[in-house]
Amino acid sequence: MKAWEVRRPGLGVGGLLLRIDWVLVILLALTTAVGFAMLYSAAGGNIRPWAGPHALRFGAGLMVMMAVALIDIRFWLRCAYPIYAASLLLIVGVEFLGEVGMGAQRWLKVGPLSVQPSEFMKIALVLALARHFHALDDSEANSVPRLLLALALIAVPALLVARQPDLGTAAMIGAGGVALLFLGGISWRLFALFGIAAGALVPAVWYGLKDYQRDRVLTFLDPGRDLAGAGYHGFQSKIGIGSGGEFGKGYLEGTQSHLGFLPESHTDFIFAVISEEFGLAGGLFVLALYLAIMGYGFAIGFMARNDFTRLLAFGVTFTFFLFVFANVAMVAGLIPVVGVPLPFISYGGTAMLTLQIGFGLVLSAKVYRDVEMEEDASGRPAGPGSIAAIR
Amino acid sequence: MAGVSSRTQLIRRRALLVGGVQVGLIGLLAGRLVQLQVVEGERYSRRAEDNRTAERPLAPERGEILDRRGRPLARNRETYRLLLVPEKAGPIDVALDEIGRLATLGPTARERVRRAVQKQPGFEPVVVLDDMSWEEMARLSLAIAEREGIFTNAAQRRIYPLGPAAAHAIGYVGRVSQKDLERSDSASLLRMPDFRIGKTGVERTQDETLRGAAGTRLMEITSTGRQRRELGRQEGLSGETLRLTLDAGLQRFAAGLFGKETGAAVLMDVRSGGLLATVSAPSFDPGAFHDGIADRQEWLSLAGDPLHPLSNRAVSGQYAPGSTFKIAVALAALEARVVSADQRFFCNGVHELGTGRFHCWRRGGHGHVDLFKALQQSCDIYFYEIAQRTGIDRIAAMARKLGLGAATGIELPGEHDGLIPTKAWKRKARDESWQVGETLLAGIGQGYVLATPLQLATMTARLANGAHAVLPRLIGGGNAPELKIDRRFLRIVRKGLAAVTGSRRGTAWNARIEEAGFEMAGKTGTSQVRRISRLERRLGVRKNEDLPREQRDHALFVGYAPADKPRYAAAVVVEHGGSGSKAAAPIARDLLLAAQKAETAAS
Numbered sequence: 001m002k003a004w005e006v007r008r009p010g011l012g013v014g015g016l017l018l019r020i021d022w023v024l025v026i027l028l029a030l031t032t033a034v035g036f037a038m039l040y041s042a043a044g045g046n047i048r049p050w051a052g053p054h055a056l057r058f059g060a061g062l063m064v065m066m067a068v069a070l071i072d073i074r075f076w077l078r079c080a081y082p083i084y085a086a087s088l089l090l091i092v093g094v095e096f097l098g099e100v101g102m103g104a105q106r107w108l109k110v111g112p113l114s115v116q117p118s119e120f121m122k123i124a125l126v127l128a129l130a131r132h133f134h135a136l137d138d139s140e141a142n143s144v145p146r147l148l149l150a151l152a153l154i155a156v157p158a159l160l161v162a163r164q165p166d167l168g169t170a171a172m173i174g175a176g177g178v179a180l181l182f183l184g185g186i187s188w189r190l191f192a193l194f195g196i197a198a199g200a201l202v203p204a205v206w207y208g209l210k211d212y213q214r215d216r217v218l219t220f221l222d223p224g225r226d227l228a229g230a231g232y233h234g235f236q237s238k239i240g241i242g243s244g245g246e247f248g249k250g251y252l253e254g255t256q257s258h259l260g261f262l263p264e265s266h267t268d269f270i271f272a273v274i275s276e277e278f279g280l281a282g283g284l285f286v287l288a289l290y291l292a293i294m295g296y297g298f299a300i301g302f303m304a305r306n307d308f309t310r311l312l313a314f315g316v317t318f319t320f321f322l323f324v325f326a327n328v329a330m331v332a333g334l335i336p337v338v339g340v341p342l343p344f345i346s347y348g349g350t351a352m353l354t355l356q357i358g359f360g361l362v363l364s365a366k367v368y369r370d371v372e373m374e375e376d377a378s379g380r381p382a383g384p385g386s387i388a389a390i391r
Numbered sequence: 001m002a003g004v005s006s007r008t009q010l011i012r013r014r015a016l017l018v019g020g021v022q023v024g025l026i027g028l029l030a031g032r033l034v035q036l037q038v039v040e041g042e043r044y045s046r047r048a049e050d051n052r053t054a055e056r057p058l059a060p061e062r063g064e065i066l067d068r069r070g071r072p073l074a075r076n077r078e079t080y081r082l083l084l085v086p087e088k089a090g091p092i093d094v095a096l097d098e099i100g101r102l103a104t105l106g107p108t109a110r111e112r113v114r115r116a117v118q119k120q121p122g123f124e125p126v127v128v129l130d131d132m133s134w135e136e137m138a139r140l141s142l143a144i145a146e147r148e149g150i151f152t153n154a155a156q157r158r159i160y161p162l163g164p165a166a167a168h169a170i171g172y173v174g175r176v177s178q179k180d181l182e183r184s185d186s187a188s189l190l191r192m193p194d195f196r197i198g199k200t201g202v203e204r205t206q207d208e209t210l211r212g213a214a215g216t217r218l219m220e221i222t223s224t225g226r227q228r229r230e231l232g233r234q235e236g237l238s239g240e241t242l243r244l245t246l247d248a249g250l251q252r253f254a255a256g257l258f259g260k261e262t263g264a265a266v267l268m269d270v271r272s273g274g275l276l277a278t279v280s281a282p283s284f285d286p287g288a289f290h291d292g293i294a295d296r297q298e299w300l301s302l303a304g305d306p307l308h309p310l311s312n313r314a315v316s317g318q319y320a321p322g323s324t325f326k327i328a329v330a331l332a333a334l335e336a337r338v339v340s341a342d343q344r345f346f347c348n349g350v351h352e353l354g355t356g357r358f359h360c361w362r363r364g365g366h367g368h369v370d371l372f373k374a375l376q377q378s379c380d381i382y383f384y385e386i387a388q389r390t391g392i393d394r395i396a397a398m399a400r401k402l403g404l405g406a407a408t409g410i411e412l413p414g415e416h417d418g419l420i421p422t423k424a425w426k427r428k429a430r431d432e433s434w435q436v437g438e439t440l441l442a443g444i445g446q447g448y449v450l451a452t453p454l455q456l457a458t459m460t461a462r463l464a465n466g467a468h469a470v471l472p473r474l475i476g477g478g479n480a481p482e483l484k485i486d487r488r489f490l491r492i493v494r495k496g497l498a499a500v501t502g503s504r505r506g507t508a509w510n511a512r513i514e515e516a517g518f519e520m521a522g523k524t525g526t527s528q529v530r531r532i533s534r535l536e537r538r539l540g541v542r543k544n545e546d547l548p549r550e551q552r553d554h555a556l557f558v559g560y561a562p563a564d565k566p567r568y569a570a571a572v573v574v575e576h577g578g579s580g581s582k583a584a585a586p587i588a589r590d591l592l593l594a595a596q597k598a599e600t601a602a603s
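Residue numbers (our numbering), protein chains in the order written: chain Y, 1 to 391; chain L, 1 to 603.
Hints are computed from structural coordinates only; laboratory data are not their basis. Ideal placement from N, C-alpha and C gives every residue a C-beta, glycine not left out. Do not rely on the hints blindly, as some may be mistaken.
To give a feel for the contact side, a few chain Y residues facing chain L, derived at Cβ under 10 Å [to be verified]:
#1 PHE182
#2 PHE235
#3 GLN256
#4 LEU262
#5 SER275
#6 GLY279
#7 LEU284
#8 LEU287
#9 LEU291
#10 GLY295
#11 GLY301
#12 ALA332
Over the 12 Å line for every Cβ pair with chain L, so calculated as not near, a few chain Y residues [stated by the list, open to error]:
#13 GLY52
#14 LEU90
#15 ALA152
#16 ALA155
#17 ARG163
#18 VAL202
#19 VAL286
Just chain L, same shape as in the assembly (with noise of 0.2 Å):
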């Protein structure tokens, strides 16, 4: 450029220079964007779909529970709830407030309420109000219409037509606690608020069947994990439908024989082995858990109950079972061939054993008892001799097989093993060595001998039908093992049996069922809660009636029925009821008879 300064010249050149430098790195910034979005495009396609989404659990709809014909024993209903989010729904004393003006709203709710707004992020719904009825809910409904953060829905809730009455048996359902996410590997279902999972009875052991697969919602959300739409959905599987071997209305029927009496019943068919009625009393309300924290004072009130009406007795409960163990002690001194059926001794009220003085219940003894009459008049004396004859080890042999001392395995939590001692147990457990004393004990089913209602039930039928090792269970059916015990001493045993309810001298002839063909066949038994001491023995044993309650003798009674050709077994315990034929076998003649009844009623 003629006539233009060097100086000129210079700055142009320079300007050149920073120019090519500035659109250099615009060109950089270009590759920049072509490295993010195309090279890498995909990746962060990715990311941003991950910050956008998120997967939440759709709950199943529970299973039912229903009974042998079909009637719920636990069902779903729809109710109607009032929820608030705290976010929009303002300062919470005043929402709460203004929600007290319109329905009730007590102290605990609202601090249930206030605990869960300070817990959970703001814009999660919190439930003020549950199980509401529809005419309530559509009241409020429109109550709070314009009401913003307020609102009303649907959900559902756990109902249990029987309550109380089959309480342990169908169990409930209750909030999700830390010991449940641990023990399960579908946490995320877990983790819903409304998700309610089985915390005992067949609800918790048959939780995975009823529960159902969870369906997921993909939803849209914000950065701070607000739900925004949602993008697709895969609905779940419902849970199973349960159909159980329980009868609604036997287990009603049982639920009620038992008054204020605490013990445990079970009534079983003797050849499925599947439970028509498994009571434990005293119960509670299945339904007061559907919502954990709130019910909270209930649940310690239920806990701390001396009565213990939350333990399932039924299962849990360990009775010595007193004279019914007679029957397994009468079995296995058959089997020995170390007696036989018309061999007599003589009961004259004391056996003597070295220095040791073994006595009847009955003062003056039996006189001559051959096993038939052993256990009509349930001669302690009679068996004091078999049993030392026999042997504990052979005992203990023969009440296996009639399904004592072994969990039964019934789809129930919390089942104990009962106790059936033998030399090598007692010498492992006790690192003590046998006494001949403890075979006597047991041969009256007192001592160590130990055994769940269930058990009992479990031992009866087995005896009743004679041929099949049942297993007691409340779900299916399926073919129980050959029982392998000689069918002519079962029947030997059965003739006794049939005669403590049959003849006017049995034990629990006062109990007999009257009507032809109904008739029931059974063994008394009285387990002693305390020693009786020798002193005492002198001046004169107190009555039951006399003493406090607690030191009162259990009752029990197994039986079934019909005698000659049974269907129905039943085992009953009354914890300190005093003797079995007054308060035990009056429980169980009624729940055979009635079983019975159902079925003839039912065909």
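Here chain Y stands alone, though its shape is the one from the complex (with noise of 0.2 Å):
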């Protein structure tokens, strides 16, 4: 019991409560008032079907998101791998009872609810990683069993993620892996390696596309191939943010949301609609938004006491920073269109739950930034980890 004891005993609820960074999870909520008044606009002025239900998932995420953030950081840390694996079951699971939706099995549905599982690999592989990575030396961490341990840690999901196939997932699973490896201490000449490995890859992968993702790929390099077919929402999103101009259309003025020319604008191409009716003001603020939650989650991480907190932080920054990435980049047509939501505003429940999640973790990490984390990385049970022991 000793070797946890909180330094500054005594604290309630109430105390813990005080020691949550604010004004990360206001910037959180901020991000989603501008998710609902965009998704109020491209239901064309209505509460529904999107802008409501947006709200109430964030507020139901928050109550998750704070109770993660409460439970002690030690907790987590135990429960890293069995979190991972638990994650790594549903992906397997989607394969045999999963629902295609959107040419991809993906969804797993328990009762009225469809969840993704690859979405909430994506903090449970941050979680394993920075567990792998906790308490050692630069010798340790890169030994080969464990380079291979972390590696089939990050490639296992991926893959089967890309079976799905859900190419962008997959994706971010494999470069948030990567990112943890890099974070985490691996030497530069092995990170080289591994580069020239997965630049050897990139072949093999190609073949391994189902036709309708190759089509992507193709249009993405040449954009005027297919401007009825493949390139279409490419082509109709880049037009919907280049003709928002400085300033925008106004509030529900844009054209190309509301005449049916952007698709899916309520979710993965929300970005356009907010760049059409607010125009570079807009799109700026919104990124701005994005860098200053990076910039808290990054903070966390830079002030945090140990390594599992520290990577923790970090890799869920990171992963926040790929959603973003992604889906803008998409959007303006930097990347193939790629199936991946604007966080916080697009519309759709599992996203946000993830990220709200990571987030609750990177909160607990700053809750419990003083606890004293046992050093011992073998996997023995650290004892009751529960907020009756922490007082």
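Hey, can you piece these two chains together into the complex? The hints should help.
This is the structure we're talking about:
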């Protein structure tokens, strides 16, 4: 017990709540408010069918985020691998029980809820790798068995998700994993070696792609190739952004979205609606909002007192960044069309819940910044971790 | 940082690196936004505008067609229609049943609607009922007020007050065909679902004048082409009102004169060439073509009719002019000075040429015949004689001066040239040399000679006015060039024609106008449809009345009135009507009398 004793005992739930980084929570709520306003617009000036549920989901997710934040960070350390294993099981589960949506097998129906296990994996992997690199020295981090294990942790879910086939999510899982390898202290030489190996895999991946996926890539490389077909979404999206100009056409005045030229204007392409109605100013405001959120995540990581919370905060922040970058770059025509939502703004529950859980973990890292973490990384059960134990 | 392990420092260093990359990439996104929205913003704005807007043509109102006194020959009427929007009206058969309970809806109309629904996008309205009265429209509007996807509206419909009486001259409008689209350069206007184009008659030849200019509506559209609202409109220009030389009363009267007969009549002002009436029988209802497909059955029955009601015989019917051509032969002979007016020939009923025998219509012959008597009694022997002396080429030259042998250029479609043979023509067309016997046949308007009723009326008008080579027309006025025929010769021929109706021995005495001051002069013609063989002649020529209809002679008459101071010329052809004096002359008489009476009534 003594090993994990809190330095400043006697904090109640109220005291814990005070330690939550409320500015970060407010920034997330603000982003969700932007989403609410844009979903209201995308529905032609209606709360239904998206804006209202979007706000409600954020509220529900907020409860989850708070719960996650208030749970002792040591509990999350202990549960890192089990959570990863559970997520992996769910991904395997959709192979057999999943519903096919948008040409890919990703959804698992649990009662009235539809969940995408591959979304949860993005956070579960961060958790598992942070745990993996916790309390090591440099030579341990670079030992071959540990490296192989880390690679397996990344590759197994990434390949399973790619098989679904959901290339965007698979790429994001892979990218998140690689970032954590780098943050975790893999030597530059090994990292370069991985880079070359990955490059060699590109042709193999290309032949493994489905036709529509190859189409998207080809269309991206040559936008004029098929303006009516595969290139239509990307082109209409660029028209939406470009026609917004500096200050936009005005709220609810977007023609591309309201007249049906923008596809999926309430989900993956909502950034185009923002850019059309509020122009460059609106787009930059949203990007600034995201930068601020990333800054807070980064700061928490920087102030962390141990490797697990450090890597967790940097990893979640990086995952969040990946969502933002992949979505905006896709909508702005910088990368091929991949199905990645704009965090806290696009309509759709799983991504928001995933990120709320992720930020819950980051907040927990801040709340429990002062607890003593066990330095033993053997995975031995580390005693009861609960609020009661902290008292 | 003192007391911080090297591993912590490594992770922080790398985090800074990764963070830097993240900020850099977000910066890249911001740069991309600047590129799209500021640098290329204008280009994308145009694309968005192109996306969102579409120009739709606005149909101009078609110009009216009036007669010479301003009475309508073709006008537009507001008509009420019932329309259905397929995507809003629900299952099509249910909707049609519903409408069928409120109004009469035949199986052909149902079929047409069903076909249209399959062809068009779901948001484009389909006309279910057309041409409803205001009362019917009001009743239906009330009944369907709550029903989504079915509504009534008003549209323009072309109305022809004279109906079949002027169908060939005025023509009709109908749906735009693929051929019409290929001919025209204003395709966007023609592609409008309610647009109607002139299909024949003046409606066709003057279509561009009557059509007007399309306006445009700038519409906001969705990605599927649905129109959301009007952004702006530029009204089109209505078509011009067209005033014709036709007289509605005379036209209707002329059409009535034919009864069950087939043929054509043309009534012309001899000074201007303007047509007061032009009739072709049998006729058809020009209003029936408005909806095209719906009346396909009717169209097929018209097009397949052996009597060809759709063809305008006045301009496209080519007939052997028979004895009416003797006017041209007489003038040619006088001009060639191969005969003088008082020179006589003896008619014993037969004219021999080599081994050939050419008969006069009067078996016993006319005895001594001069030009006056030859025209009055239509002696064939006299004209064989002078035709042979004049020669075919000089006859042809005179015929052309009178307006035969070439299309007159009237503002009607389908006009034919007729045929005035020459030696050169025969060599070219038949690769044979001209036979003198053929000149003799041409001398009585048989053989190769062909003319349209309109050309015969033109010939008569030029003879009657004695000075101007008038051209027939339906629109406007203009100066006709001088007629290059010696007026003395024209007077001589007119004197002969006056005797045709004006003397007891004239061939058309029975069809004379008895009222003083209104007298008619003219020339009868009977053109053979079949050849009379020598054997048949010996056995006795069968009377026309005994022959089947299609073998009977065509009856012709050309004339003008008043005989001493001509104002109106008429040409009448009654197909298989028998003799010109009995079938054609009375029609010309009634027409010329009515024209003169109409003039005195108006002034």
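Evaluated hints:
no. : hint   : result
1   : PHE182 : holds (6 Å)
2   : PHE235 : holds (9 Å)
3   : GLN256 : holds (6 Å)
4   : LEU262 : holds (9 Å)
5   : SER275 : holds (7 Å)
6   : GLY279 : holds (6 Å)
7   : LEU284 : holds (6 Å)
8   : LEU287 : holds (6 Å)
9   : LEU291 : holds (6 Å)
10  : GLY295 : holds (9 Å)
11  : GLY301 : holds (6 Å)
12  : ALA332 : holds (5 Å)
13  : GLY52  : holds (25 Å)
14  : LEU90  : holds (28 Å)
15  : ALA152 : holds (22 Å)
16  : ALA155 : holds (21 Å)
17  : ARG163 : holds (28 Å)
18  : VAL202 : holds (21 Å)
19  : VAL286 : violated (10 Å)
Hint compliance for this structure: hint 19 alone is broken.
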